[in-house]
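Q: Place chain B on chain A using the hints.
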Amino acid sequence: RKEVEQDPGPFNVPEGATVAFNCTYSNSASQSFFWYRQDCRKEPKLLMSVYSSGNEDGRFTAQLNRASQYISLLIRDSKLSDSATYLCVVNPMDSSYKLIFGSGTRLLVRP
Amino acid sequence: ETGVTQTPRHLVMGMTNKKSLKCEQHLGHNAMYWYKQSAKKPLELMFVYSLEERVENNSVPSRFSPECPNSSHLFLHLHTLQPEDSALYLCASSRTAFPAGLEADYGYTFGSGTRLTVV
Chain A
1 RKEVEQDPGP FNVPEGATVA FNCTYSNSAS QSFFWYRQDC RKEPKLLMSV YSSGNEDGRF
61 TAQLNRASQY ISLLIRDSKL SDSATYLCVV NPMDSSYKLI FGSGTRLLVR P
Chain B
1 ETGVTQTPRH LVMGMTNKKS LKCEQHLGHN AMYWYKQSAK KPLELMFVYS LEERVENNSV
61 PSRFSPECPN SSHLFLHLHT LQPEDSALYL CASSRTAFPA GLEADYGYTF GSGTRLTVV
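Protein sequence lines, in the order shown, are assigned to chains A and B.
With the numbering used here, the residue at position 101 of the first sequence is 101, and numbering never jumps.
With the numbering used here, the residue at position 91 of the second sequence is 91, and numbering never jumps.
Everything labelled a hint here was simulated from the structure, so no lab data went into it.
It cannot be assumed that every hint is accurate.
Taking lysine to any residue and the SDA-like style, the derived pairs with C-alpha atoms no more than 25 Å apart in a straight line are [claimed, not checked]:
id: 1; chain 1: A; residue 1: K45; chain 2: B; residue 2: L11
id: 2; chain 1: A; residue 1: K2; chain 2: B; residue 2: H26
id: 3; chain 1: A; residue 1: K42; chain 2: B; residue 2: D105
id: 4; chain 1: B; residue 1: K36; chain 2: A; residue 2: R1
id: 5; chain 1: A; residue 1: K79; chain 2: A; residue 2: C40
id: 6; chain 1: A; residue 1: K2; chain 2: B; residue 2: K36
id: 7; chain 1: B; residue 1: K40; chain 2: A; residue 2: A20
id: 8; chain 1: A; residue 1: K45; chain 2: B; residue 2: S50
id: 9; chain 1: A; residue 1: K2; chain 2: B; residue 2: S38
id: 10; chain 1: B; residue 1: K40; chain 2: A; residue 2: D7
id: 11; chain 1: A; residue 1: K42; chain 2: B; residue 2: F64
id: 12; chain 1: A; residue 1: K42; chain 2: A; residue 2: S28
id: 13; chain 1: A; residue 1: K42; chain 2: B; residue 2: K41
Just so you have them, the derived chain A footprint on chain B, three or more residues with Cβ under 8 Å [as the list claims (entries may be wrong)]:
id: 14; segment: 38-45
id: 15; segment: 65-78
id: 16; segment: 90-100
id: 17; segment: 107-114
Here are a few chain A residues that sit away from chain B, every Cβ distance over 12 Å (derived from the structure) [as the list claims (entries may be wrong)]:
id: 18; residue: Q6
id: 19; residue: F11
id: 20; residue: G16
id: 21; residue: P44
id: 22; residue: D82
The beta-carbon is built from N, C-alpha and C at its ideal position, and this holds for glycine as well.
So here's chain A without its partners, still in its complex pose (with noise of 0.2 Å):
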């Protein structure tokens, strides 16, 4: 079983859409977690922490399920530039702060 796992989509939704993103983790200890956002040729971003407790950054909310071990971004109204590949990334905190990237789930937002 792969330590972080992602639907690869395509994802292809009109602009003003909402639509929402699952990741499972494989390692119940793992301690933090992140979304990323990755364009085409470009390096990874920060696009937000997920929190126990889910947190909201805007149109974007990102909820963890410890006991499904699954988190979750949620892109409210949707823009074209939200087009990208998002990346569920796991800290399994079993030594020093290492990130576990899942493959992403690309996101294409049409006109």
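A: Just chain B, lined up with the frame of chain A:
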């Protein structure tokens, strides 16, 4: 200059060549990392350095040799590479390699990467 800078941006090398990738961070971070990103595969952690000391070596072949002369600079020396080593090599930094509490929520800052092609 701010952030994490990687050079070169693109590199084409033959299998018998020796080359080095350079990474420099201007964030005052104490930890630096090398990741490899191959097409259609997730980022793979290669090495972790904390204050110039290597703390993780993720079963990386010896043809990849990291060097961290100080907490701001990280190199990846390459020799006798194979075509399957062609990938995007990403450097990252973080405040610490051993975060406690909320420090773990800051994540990494990545450089723009070096796109390596081995011919």
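Q: Each hint needs a verdict: does it hold in this structure or not?
A: Verification of the supplied hints:
no. : hint           : result
1   : A:K45 / B:L11  : 23 Å, holds
2   : A:K2 / B:H26   : 34 Å, violated
3   : A:K42 / B:D105 : 22 Å, holds
4   : B:K36 / A:R1   : 20 Å, holds
5   : A:K79 / A:C40  : 17 Å, holds
6   : A:K2 / B:K36   : 17 Å, holds
7   : B:K40 / A:A20  : 21 Å, holds
8   : A:K45 / B:S50  : 21 Å, holds
9   : A:K2 / B:S38   : 16 Å, holds
10  : B:K40 / A:D7   : 13 Å, holds
11  : A:K42 / B:F64  : 23 Å, holds
12  : A:K42 / A:S28  : 31 Å, violated
13  : A:K42 / B:K41  : 15 Å, holds
14  : 38-45          : holds (count 5)
15  : 65-78          : violated (count 0)
16  : 90-100         : holds (count 6)
17  : 107-114        : holds (count 7)
18  : Q6             : 9 Å, violated
19  : F11            : 17 Å, holds
20  : G16            : 29 Å, holds
21  : P44            : 5 Å, violated
22  : D82            : 19 Å, holds
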